[in-house]
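Participant: Residue-level listing of the chains:
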Amino acid sequence: DAGITQSPRHKVTETGTPVTLRCHQTENHRYMYWYRQDPGHGLRLIHYSYGVKDTDKGEVSDGYSVSRSKTEDFLLTLESATSSQTSVYFCAISEPLETGSSYNEQFFGPGTRLTVL
Amino acid sequence: GQQVMQIPQYQHVQEGEDFTTYCNSSTTLSNIQWYKQRPGGHPVFLIQLVKSGEVKKQKRLTFQFGEAKKNSSLHITATQTTDVGTYFCAGLESNYQLIWGAGTKLIIKP
Chain A
20 DAGITQSPRH
30 KVTETGTPVT
40 LRCHQTENHR
50 YMYWYRQDPG
60 HGLRLIHYSY
70 GVKDTDKGEV
80 SDGYSVSRSK
90 TEDFLLTLES
100 ATSSQTSVYF
110 CAISEPLETG
120 SSYNEQFFGP
130 GTRLTVL
Chain B
217 GQQVMQIPQY
227 QHVQEGEDFT
237 TYCNSSTTLS
247 NIQWYKQRPG
257 GHPVFLIQLV
267 KSGEVKKQKR
277 LTFQFGEAKK
287 NSSLHITATQ
297 TTDVGTYFCA
307 GLESNYQLIW
317 GAGTKLIIKP
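Sequence order for the protein chains is A and B.
For the first sequence, my numbering assigns the number 20 to the initial residue and increments by one for each residue that follows.
For the second sequence, my numbering assigns the number 217 to the initial residue and increments by one for each residue that follows.
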């Protein structure tokens, strides 16, 4: 498996509280992604990054913000969590920087299960 | 926007039977990728198809990309218990974004 870790792996929080999820990679890949996975919806892209400080919105970005200050770290923040944000969150990476590969398969982290009460 | 529809949502098969999942896109895809997610796990890349009409095989798995590059299928011959999981297709959009199908969950009946 690619060197991708996510923290925390599980979190229970209350409505209205801020939450930050962290994705860390040791693979030096340019692209990083945050997805949420809900039954019947597959994977939906929240935000992605194509470099340090370069980010863009995905299809379900409302209520989420991201930051990438280093190649290896991509943070997802829920400013004020809501019950509809209860989900499993996956981080993914693609495109190794060294080779400039155009083979854009994505490698996934283990996921964070977030419950908002 | 681009959508990728995947059917069926679930498929129950007896061990040894075949399994097929289908993906259809509303627009032409530059390529399509397939992933497998084991229960409780994360998606793992299986294969990428790029060319119109392309067929690729991995042991008992056969992947096809339609001539119009708007549909794809994954066929598993003689399923085994190790095949259990959810299979996703994902079409590549611009800026390295993948548009994901909802997945087909393969359940093997004892």
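Do not take every clue at face value.
[Unchecked claim] From the structure, some residues in chain B lie toward chain A, with a derived Cβ separation under 7 Å:
| id | residue |
| --- | --- |
| 1 | Gln-219 |
| 2 | Tyr-226 |
| 3 | Trp-316 |
| 4 | Gly-317 |
Quick caveat, the hints were computed from the structure, so don't treat them as lab data.
Note that beta-carbon positions come from the ideal geometry of N, C-alpha and C, so glycine has one too.
Participant: For each hint, tell me whether it holds in the structure or not.
Facilitator: Each hint, compared with the structure:
Hint on Gln-219(B) is violated. Least Cβ distance to chain A is approximately 10 Å, over the 7 Å limit. Proximity of Tyr-226(B) to chain A is violated relative to the hint, the smallest CB-CB distance being about 11 Å (cut-off 7 Å). Against a cut-off of 7 Å between C-beta atoms, the interface hint on Trp-316(B) holds, since the closest Cβ of chain A lies about 4 Å away. Taking 7 Å as the C-beta cut-off, the interface hint given for Gly-317(B) holds, the closest approach to chain A being about 6 Å.
Hints 1 and 2, counting from the list given before, are not met by this structure.
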